[in-house]
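Respectively, the protein sequence lines represent chains A and B. Per numbering that gives the first Met the number 0, residue 0 is the first one in the first sequence, and the count goes up by one each step. Per numbering that gives the first Met the number 0, residue 0 is the first one in the second sequence, and the count goes up by one each step.
Take these hints with a grain of salt, some might be off.
[Claimed, not checked] Capping the alpha-carbon separation at 30 Å, the derived lysine-lysine pairs in BS3-like fashion look like this:
#, chain 1, residue 1, chain 2, residue 2
1, B, 283, B, 151
2, A, 172, A, 23
3, A, 107, B, 214
4, A, 107, A, 172
5, B, 107, A, 211
6, B, 107, B, 283
Calculated directly from the structure, the hints in this document are not laboratory data. Nothing here was measured: the structure is a model prediction, and the numbers come from that model.
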Amino acid sequence: MTIEVRQLRKNFGSFAALDGVDLKVADGELLALLGPSGSGKTTLLRIVAGLDWPDAGEVNFDGENALIRGAGERQVGFVFQHYALFRHMSVFENVAFGLRVQPRRVRKSEAAIRARVKELLDLVQLDWLADRYPSQLSGGQRQRIALARALAIEPRILLLDEPFGALDAKVRKELRQWLRSLHEQIHMTSIFVTHDQEEALEVANRVVVMDKGKIEQMGTPDDVYDNPASAFVHGFIGESIELAVDVAGGEVRLGVASLPLTAQGLASGPSRLFVRRHDMQVGPAGSGALQGSVTRVRSFGPVQRAEVLIGSARHAIEIDAPRDQELRPGDVVGLNPRRYRIFAAS
Amino acid sequence: MDRNPSPRPSPDGRGSRAVLAAANSPRSEPRVVRIAIIAVAIAFLSIFVVLPLVVVFAQAFAGGIAAYLAALTDPEALSAIRLTLLVAAISVGLNLVFGVIAAWAIAKFDFVGKTFLISLIDLPFSVSPVISGLVFVLLFGAQGFFGPFLVKHNIQVLFAAPGIALATLFVTFPFVARALIPLMQEQGTQEEEAAISLGASGLQTFFRVTLPNVKWGLLYGVLLCNARAMGEFGAVSVVSGHIRGLTNTMPLLVEILYNEYQFVASFAVASLLAMLALITLIAKTVLERRLDERDVP
C-alpha cells in the first residue's frame with residue numbers, strides 16, 4: 000500500500016513539531032525517518048497511525064483519505080519504542096489481542112485465532128515463550144512479541160517508533176538484520192523512526208532525514224550519505240570535519256588565507272566546509288589544502304585519531320590516519336580533502 | 000577495645016576490621032538504644048492500639064456469649080447493621096464508578112482545570128465530616144436549597160437512608176480516585192494506544208487493558224472506602240436524625256447505647272466494627288504486597 004502525506008502541520012503550543020511535510024511512501028518500501036530528537040519524526044509516524052491528529056494537511060493511504068478514520072480502522076500495525084505489551088496478559092494473549100477484539104461478525108474462531116498466533120510466534124521465532132508474561136522476557140524478545148502482535152491484525156502498513164531504541168548495542172544489531180530479512184519475507188509497506196543513522200542506512204530502502212519539523216533530504220542510503228543536500232544532513236549523517244570558512248567571489252577563505260578549493264557555485268558570505276573524516280588525507284607539511292599542527296594522538300583499532308589545530312584561529316578538528324603513519328604531538332601536517340562540500344552558513 | 004569509628008588501621012592489625020565495619024555501619028547504635036527505641040514503640044502501640052481493641056472485645060463479652068448474641072440480634076442492632084451495609088454498598092458502588100472515571104480522566108487525558116479537579120477530589124478529606132453533614136442539611140433540609148422541591152414531591156432525603164448515603168458518599172469519595180491516579184499516571188497511555196491501534200474500541204480498551212492493569216489498586220481503594228463508609232460517624236450523625244430502628248447506623252448506635260449505659264450491647268456492636276477494621280487491615284497488607292510486586296514491563 001502507498002502512503003502519501005501532504006503539507007502536514009502540527010503544533011504543540013508554540014512549538015512546530017511538523018512544519019509542512021510532504022512525503023510519499025511506495026508500496027512495499029521500508030522507509031526510515033531519521034532525525035535528532037524534536038525533529039518531528041515520531042509525531043509524523045503517530046499521525047500516520049492515527050494516534051495523533053494534524054492541525055493541517057492530508058494523509059492518504061492508496062489515494063484514500065486516512066484522516067477520516069480512527070487508529071483502529073486504519074489497519075496499521077504500530078510498534079512502540081517501549082513495547083507497550085499488555086503486562087497482565089501472557090505472550091500468547093498479547094499477540095491474540097487484535098484478533099479477539101474484532102467485531103463478532105468478522106472475528107475468527109478460537110481455533111483459527113490459536114493457529115494464527117502460533118504462526119506469528121513462529122515467524123518471530125519465539126513460540127516457546129507463549130505462556131510467559133512480558134516481565135519475564137528480555138528487551139529483544141519483548142520487541143519481537145510487540146511486532147508479532149502488530150502483525151496479527153494483518154495490517155496494511157507497519158509503523159515502528161524507535162523499535163530498537165531501548166535495547167543494548169548487540170541485540171540492536173541482531174534485530175536490525177532480522178527486521179531487514181523479515182521485511183524481505185513479508186514485503187509490507189513499513190516506516191520506522193530512528194535517531195541512529197547507522198540503523199537507518201543499514202536497514203532502510205530509503206531514508207528521510209528530518210530536522211525541526213521539516214524534511215531535509217530524501218534518498219537511498221548511499222545518496223543521503225554521498226550527496227548530503229544540506230549542512231544539517233552532512234553534519235548529522237556520518238562523521239564529518241567541519242570548518243567555518245568565508246566564500247568571497249568564488250574563492251574559499253579560512254581567516255585571511257585563501258584555500259585551493261572551489262566554492263561549488265556558492266554565493267559570497269560566511270560558509271561551512273564539510274569533509275568526511277575518511278576523505279581527509281594526512282600528508283607532510285606543505286602538502287594539501289590545509290596546514291595544521293598536531294596536539295594529541297590516540298590510537299584505537301586500525302586507525303589513529305589526531306587532534307589538529309588549523310589556521311590562524313587555531314580551530315581544532317579531529318582527523319583519522321592509518322596506524323603506520325607517524326604522527327606526534329607538535330608535528331605540522333598538510334591536510335588534503337579528497338572530497339568536500341561547502342554550504343552557506345545559516 | 001578502641002571504639003573510635005575512624006577508619007584508621009588498628010595497631011594489632013587482626014580482628015579489628017569487623018569491629019570497625021560494625022562501628023561504621025549505619026546500624027551502629029548501641030544495643031541499649033536499640034532496645035529502648037523498640038520498647039517505646041511497642042509500649043505506645045500496646046496502650047493506644049492493642050489495649051483499646053482488647054477492651055472492646057472484653058466489654059462485649061463481659062455478660063457472656065448469650066448476652067453478646069442477644070445484643071447483636073436486637074431489632075435495633077439488626078436494623079443498624081442492615082442500614083450500615085446498605086449505605087456502604089451504595090456509597091462504595093457509586094464511588095467505585097465515579098472514582099474510576101475521575102482517575103481515568105485525570106491520568107489519561109490532558110485538559111484545562113486538571114489541577115483544580117485533583118484538589119477538588121481531596122476536598123472531603125480536608126473538611127471536617129460535621130461540615131460535610133451540614134452541607135447536606137443546607138441543601139436538602141426543609142429550608143434548604145432543594146427543600147421546597149423535595150417537600151412538594153414528598154421525597155425524604157434528610158433523616159432517612161438517602162441522606163445518610165449521600166453524606167457517606169461525599170466523605171468517602173477520595174479513596175478510590177486517590178488509589179488509582181498515581182498508578183494510572185505511572186502506567187501512562189501506551190498500552191491503551193497499542194490496544195486502540197489493534198482495533199479495540201474505547202470500552203474494550205478500558206475493560207481489557209486499563210482496568211486489569213489497576214485491579215489491585217482499585218481493590219485497595221474500595222477496601223479503604225468501605226472501611227470508612229461503615230465507620231463514618233460525624234457526617235452521618237448530622238443528617239441521620241437518630242430515629243431508632245430506622246436511621247441509626249452502627250457507629251451511631253454504639254454511641255446511643257453507650258450513653259444509655261448499655262455497655263455490653265454498645266461494645267457488642269462496636270466489636271463488629273473492630274472486626275471490620277482487623278479484616279481491612281489484613282486485606283490491606285495483602286493487597287499492598289500485590290501492588291509492590293506488580294509487573295512493570
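Worksheet item: Within 30 Å, alpha carbon to alpha carbon, are residue 107 of chain A and residue 214 of chain B?
Response: Status holds; Cα separation ~29 Å.
Worksheet item: Straight-line Cα separation of residue 107 of chain B and residue 211 of chain A no greater than 30 Å?
Response: holds (28 Å)
Discussion item. Check whether the Cα positions of residue 107 of chain A and residue 172 of chain A lie no farther apart than 30 Å.
Written reply: Status violated; Cα separation ~36 Å.
Worksheet entry | 30 Å limit on alpha-carbon distance, applied to hinted pair residue 172 of chain A and residue 23 of chain A | holds (28 Å)
Discussion item. Please verify whether residue 107 of chain B and residue 283 of chain B have alpha carbons no more than 30 Å apart.
Written reply: holds (26 Å)
Worksheet item: Between residue 283 of chain B and residue 151 of chain B, is the straight-line Cα distance small enough, at 30 Å or below?
Response: Judged against 30 Å, a Cα distance of about 46 Å means the pair is violated.
This entry does not satisfy hints 1 and 4, going by the numbered hints stated previously.
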